[in-house]
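Spelled out from the first residue to the last, the chains are:
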Amino acid sequence: MKGITIRFGEVVANSDVNFELRKGEIHALLGENGAGKTTLTSILYGLYQPQAGEIYVRGKKTTIKSPNDSMELSIAMVHQHFLLTLPHSVTENIIVGLKSQGFFLNLASAEKKIQQLSEKYGLKIDPKAVVGDMAVGEQQRVEIVKALYRDAEILILDEPTSMLTPQEEKALFAMLESMVRQGLSIIFITHKLHEVMEVSNRVTVLRGGKVVGTVNTSETNETELAKMMVGRPVIEDIQLKSTAQNDIVLQLKNISALNNSNILFLKDLSLELRKGQILGIAGVDGNGQAELAEVIAGLRKVQSGEIMMDGRSTTKLSPRKIREWGLAYVPQDRLNTGLVLEYSISENLVLDRWYTAGYSGKVFLKQEEMKKFAEKVVVDFEVKTPGINVPISSMSGGNLQKVLMARELARNPKVLVVHNPTRGLDIGAAEYIHKQLVKQRENGVGVLMLSLDLDEILTVCDRIAVIYEGKIMGVVDREDADVDRIGLLMGGKSVALEGTK
Amino acid sequence: MTVPDAISDTRGNSRARISEALTRFRDVKFFVPFASGSLAFVVGAILLGSAGIDVGDAYATMFRGAFGSVFGFGDVMLKTISLLLAGLAVSVAFRCRQWNIGAEGQLYMGALGGTLVGISLLGAVPGIAILAAIVVSFIFGALFALVPAVLKVKFGVNEVISTVLLNFVALLFISFLLHGPIKAPGFNPYSPEISEESQMPIIFPGTRLHGGIFIAVLATVGVYYLWKTKIGFEIRTVGANIDAARYAGMNITKSVFVTLGISGGLAGIAGGLLVIGVQHLLIEGISPGYGFVAVIIALLGRQHPIGVAIVAFFFAALMTGSETMNRSLGVPAAFAMTLQALILVFVLVGGLFAVWLSRRNRGGAR
Numbered sequence: 000m001k002g003i004t005i006r007f008g009e010v011v012a013n014s015d016v017n018f019e020l021r022k023g024e025i026h027a028l029l030g031e032n033g034a035g036k037t038t039l040t041s042i043l044y045g046l047y048q049p050q051a052g053e054i055y056v057r058g059k060k061t062t063i064k065s066p067n068d069s070m071e072l073s074i075a076m077v078h079q080h081f082l083l084t085l086p087h088s089v090t091e092n093i094i095v096g097l098k099s100q101g102f103f104l105n106l107a108s109a110e111k112k113i114q115q116l117s118e119k120y121g122l123k124i125d126p127k128a129v130v131g132d133m134a135v136g137e138q139q140r141v142e143i144v145k146a147l148y149r150d151a152e153i154l155i156l157d158e159p160t161s162m163l164t165p166q167e168e169k170a171l172f173a174m175l176e177s178m179v180r181q182g183l184s185i186i187f188i189t190h191k192l193h194e195v196m197e198v199s200n201r202v203t204v205l206r207g208g209k210v211v212g213t214v215n216t217s218e219t220n221e222t223e224l225a226k227m228m229v230g231r232p233v234i235e236d237i238q239l240k241s242t243a244q245n246d247i248v249l250q251l252k253n254i255s256a257l258n259n260s261n262i263l264f265l266k267d268l269s270l271e272l273r274k275g276q277i278l279g280i281a282g283v284d285g286n287g288q289a290e291l292a293e294v295i296a297g298l299r300k301v302q303s304g305e306i307m308m309d310g311r312s313t314t315k316l317s318p319r320k321i322r323e324w325g326l327a328y329v330p331q332d333r334l335n336t337g338l339v340l341e342y343s344i345s346e347n348l349v350l351d352r353w354y355t356a357g358y359s360g361k362v363f364l365k366q367e368e369m370k371k372f373a374e375k376v377v378v379d380f381e382v383k384t385p386g387i388n389v390p391i392s393s394m395s396g397g398n399l400q401k402v403l404m405a406r407e408l409a410r411n412p413k414v415l416v417v418h419n420p421t422r423g424l425d426i427g428a429a430e431y432i433h434k435q436l437v438k439q440r441e442n443g444v445g446v447l448m449l450s451l452d453l454d455e456i457l458t459v460c461d462r463i464a465v466i467y468e469g470k471i472m473g474v475v476d477r478e479d480a481d482v483d484r485i486g487l488l489m490g491g492k493s494v495a496l497e498g499t500k
Numbered sequence: 000m001t002v003p004d005a006i007s008d009t010r011g012n013s014r015a016r017i018s019e020a021l022t023r024f025r026d027v028k029f030f031v032p033f034a035s036g037s038l039a040f041v042v043g044a045i046l047l048g049s050a051g052i053d054v055g056d057a058y059a060t061m062f063r064g065a066f067g068s069v070f071g072f073g074d075v076m077l078k079t080i081s082l083l084l085a086g087l088a089v090s091v092a093f094r095c096r097q098w099n100i101g102a103e104g105q106l107y108m109g110a111l112g113g114t115l116v117g118i119s120l121l122g123a124v125p126g127i128a129i130l131a132a133i134v135v136s137f138i139f140g141a142l143f144a145l146v147p148a149v150l151k152v153k154f155g156v157n158e159v160i161s162t163v164l165l166n167f168v169a170l171l172f173i174s175f176l177l178h179g180p181i182k183a184p185g186f187n188p189y190s191p192e193i194s195e196e197s198q199m200p201i202i203f204p205g206t207r208l209h210g211g212i213f214i215a216v217l218a219t220v221g222v223y224y225l226w227k228t229k230i231g232f233e234i235r236t237v238g239a240n241i242d243a244a245r246y247a248g249m250n251i252t253k254s255v256f257v258t259l260g261i262s263g264g265l266a267g268i269a270g271g272l273l274v275i276g277v278q279h280l281l282i283e284g285i286s287p288g289y290g291f292v293a294v295i296i297a298l299l300g301r302q303h304p305i306g307v308a309i310v311a312f313f314f315a316a317l318m319t320g321s322e323t324m325n326r327s328l329g330v331p332a333a334f335a336m337t338l339q340a341l342i343l344v345f346v347l348v349g350g351l352f353a354v355w356l357s358r359r360n361r362g363g364a365r
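Same order as they appear, the protein sequences are chains A and B.
With numbering that gives the first Met the number 0, the residue at position 491 of the first sequence is 490, and numbering never jumps.
With numbering that gives the first Met the number 0, the residue at position 215 of the second sequence is 214, and numbering never jumps.
The reader is advised that the hints may include incorrect statements.
[What the hints assert, rightly or not] Taking lysine to aspartate or glutamate and the EDC-like style, the derived pairs with C-alpha atoms no more than 20 Å apart in a straight line are:
| id | chain 1 | residue 1 | chain 2 | residue 2 |
| --- | --- | --- | --- | --- |
| 1 | A | 438 | A | 461 |
| 2 | A | 300 | B | 242 |
| 3 | B | 227 | A | 368 |
| 4 | B | 227 | A | 246 |
| 5 | B | 227 | A | 341 |
| 6 | A | 320 | B | 56 |
| 7 | B | 229 | A | 341 |
| 8 | A | 371 | A | 381 |
| 9 | A | 112 | A | 91 |
| 10 | A | 169 | A | 246 |
| 11 | A | 300 | A | 341 |
| 12 | A | 112 | A | 157 |
| 13 | A | 22 | A | 157 |
| 14 | B | 229 | A | 323 |
| 15 | A | 315 | A | 367 |
| 16 | A | 438 | A | 379 |
| 17 | B | 229 | B | 242 |
| 18 | A | 191 | A | 152 |
| 19 | A | 470 | A | 271 |
| 20 | A | 274 | A | 246 |
| 21 | B | 229 | A | 157 |
| 22 | B | 229 | A | 368 |
Just so you know, these hints were derived from the structure itself, not from any lab.
One chain only, chain A, in its complex shape (with noise of 0.2 Å):
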């Protein structure tokens, strides 16, 4: 790809991008949210038209004008969200669209072409399974095998391993290596840096839709990616000084509560924070963690078991009572639970206090001091927006978090939850969360961060609890921590956290 430039409206997506894929490589293309990693390779795939810039596959110059083009040329893409059908077999789901199958579908030769595949790149795959009922990591190989399927030689992997535990992660990895050893070449997509150096025979760098540079994995480091990426060095190396870890702030005792399905989920579940500490709780995606934020904010009744907040429970207490009480709360979902997009700053603040005497009179909402806030805000969280009389909606991630986590810390809270806190923002705004959440910690405030991205839980927290299918699988100080041991108990496998390492 030659001097490619896109442009949506006013934004530059990417300006003048050089890159090369080598046969028989894994080439990374490392950068931030919104550095143009996807765009670039959508472009490949035909789902853009750049505005400048030549694509060559093979040393041909080509135009890919929609992914039917890109699928003849052999190339193809598994987005970091799968397009699955989950209640159909796994060779439904591969042969789906193909033009080779006639009026009558023929499962049986489809299958064997599956299991041939499966058995020459050691994707260990059932071809009759239903893929609904398959785990994360084993739905992703589906998506590898239904590329594979339709002859891809150049593939693309978009951020593969936002979903999965580490082994998950390392028998990915195995397998890539294993395909371009048969010839194929990988563009591997991702944000993180010890992917990039774990996986990758050579590195491009993007930032702000420019290539910062290319080189070989083998001659760089974390350090100097991490500084190509965001344009300066990042030491994220958060010293946690020792705080005072006496009284527990919270406490949960045996609690017991049903997920959305009405299912039992979080079963017998026991917990303790203490004030001063960052307790963070790993697991993959779907194993309680936002049932588990729910009860404790109230927002989810338990069947059984206790909550203790600063001594006292909380059981049986309403939403708005947790939180007078000392809750602050930042959920996962912030675009559609955390605010209200088409309110502006000042009323998205007053979201939790509109009714206490600061923000309103007797009857009318005091327009004023709602103004006055939002502008505090604005100028201590470093807030990019148009207007704090404009609907959110407009706003960056990054910036609706800080008006977010604004809003819970400006209550003083005793404890703090907070839920994939940086998902989805770049580097600076989650160093910036980090940051706060660290200085509420030397403020005495007990935090507990439930979040996927064991990196971060391994940056910020003092003590980590694993969570698996709604139990607490171990809960281990940060010093003790073993990455692999971790692993294992996010997959469910009961192995001691502390001990001989």
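Please build the complex by placing chain B on the supplied structure of chain A, with the hints as guidance.
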């Protein structure tokens, strides 16, 4: 972003320029409703023409009926009172994402409330009678609207269904009363006439326009300020994002009750005013479906009190004009309803078209 979006973003600047120009037009807020409304009249003209009616004559008569005489314009304002109050009723509920399709029934219950005051001893007290009639009609409408609220909160019954069905309950209940318990002596199923003290005075001699217009204006201003109150903020939040409202510790049950109470009350006043301001007694069919047209008005007025007022006035003129058309040209009265329905269809489709346009233009900026 879909594939065609992406292609249209990059292919051909002329197309982009055209859609940009269209978007700018759309930004002039009234363009889409106006264009769609005009199209409805065009299709209406085709209908009229195919029925062998002189289209120009018909529309001229319609216009004259609404704006050509003091009496006619008075009637437009009179109808505006009912449509505005009922339209506000539905729009208040919409803001809390409650579909109150039962304004007609609530209006009838309000009419009953006004009648009961007017024929009771209370209705004979000068000065207080009118106020009492209005308050009671509000209460009757509100209580009747709380039935679907209770059904929803306690049993999860969808308010669309319950409010629609309760219309029949109200209308049949009124029929029952008029054929028995409150029937005046005589042949017709009418209630006795209300006392003179409880009749809303005419404010413009030579028309039927009564003092209720001030109440409608007051209600419009009231709804405008309702959204700036504490409870208004709560209601709006529940309507905008119920998960966020729950998360922020808002009381959803209370919001639903208050909203439907206010909504039903406003519809109730519309009914009460029909009795004390126009008919001076309760009859079956006292409302020609104001409560149903109100749904259209709330939608087209985008649930904003000013928008609702404008649309209510427009629909009142349309109804008055078509009545004249019906009387002097023999155009079926149903034509007015057809035209209303056409306007709704065109404006809704126009709205979707505008959304589609803006999506297309925003598509690439991801």
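Results for each hint:
1. Using a Cα cut-off of 20 Å, the hinted pair residue 438/A and residue 461/A holds, with the two alpha carbons roughly 13 Å apart.
2. Note on residue 300/A and residue 242/B: the hinted pairing holds, with a Cα-Cα distance of about 15 Å set against a maximum of 20 Å.
3. Of the pairs offered as hints, the one joining residue 227/B and residue 368/A holds, with about 14 Å between alpha carbons and a cut-off of 20 Å not exceeded.
4. Pair hint residue 227/B plus residue 246/A does not hold up; C-alpha atoms about 43 Å apart against a cutoff of 20 Å.
5. Proximity of residue 227/B to residue 341/A is assessed by CA-CA distance (about 15 Å); at most 20 Å being required, the pair is judged to hold.
6. A distance of roughly 67 Å separates the Cα atoms of residue 320/A and residue 56/B; the hinted pair therefore is violated under the 20 Å criterion.
7. Straight-line distance between C-alpha atoms of residue 229/B and residue 341/A comes to about 18 Å, which keeps the hinted pair within the 20 Å bound.
8. Between residue 371/A and residue 381/A the alpha-carbon distance is near 15 Å, which keeps this suggested pair within the 20 Å criterion.
9. With a CA separation close to 13 Å, the supplied pair residue 112/A and residue 91/A stays within the 20 Å bound.
10. Of the supplied pair hints, the one linking residue 169/A and residue 246/A is violated, its CA atoms being roughly 40 Å apart against a limit of 20 Å.
11. For a cut-off of 20 Å, the pair hint linking residue 300/A to residue 341/A is broken: about 29 Å separates their Cα positions.
12. Between the alpha carbons of residue 112/A and residue 157/A the distance comes to roughly 25 Å, so the proposed pair goes past 20 Å and is violated.
13. Using a Cα cut-off of 20 Å, the hinted pair residue 22/A and residue 157/A holds, with the two alpha carbons roughly 19 Å apart.
14. Restraint check for residue 229/B and residue 323/A: the C-alpha separation of about 18 Å stays at or below 20 Å, so the hint holds.
15. A hinted pair counts as satisfied when its Cα atoms are at most 20 Å apart, and residue 315/A with residue 367/A does not qualify at roughly 36 Å.
16. Between residue 438/A and residue 379/A, the direct Cα distance comes to roughly 14 Å. Compliance with the 20 Å bound is thereby established for this hinted pair.
17. At most 20 Å may separate the alpha-carbon atoms for a hinted pair to count; residue 229/B and residue 242/B meet this at roughly 19 Å.
18. The straight-line distance between the Cα atoms of residue 191/A and residue 152/A is roughly 25 Å, outside the 20 Å bound, and the hint therefore fails.
19. Simply put, residue 470/A and residue 271/A have alpha-carbon atoms about 14 Å apart, close enough for the 20 Å limit, and the pair holds.
20. Between residue 274/A and residue 246/A, the direct Cα distance comes to roughly 6 Å. Compliance with the 20 Å bound is thereby established for this hinted pair.
21. This hinted pair does not check out: residue 229/B and residue 157/A have alpha carbons roughly 46 Å apart, beyond 20 Å.
22. Distance hint between residue 229/B and residue 368/A is fulfilled; the C-alpha atoms sit about 14 Å from each other, no more than 20 Å.
Comparing the model with each numbered hint stated earlier shows that hints 4, 6, 10, 11, 12, 15, 18, 21 do not hold.
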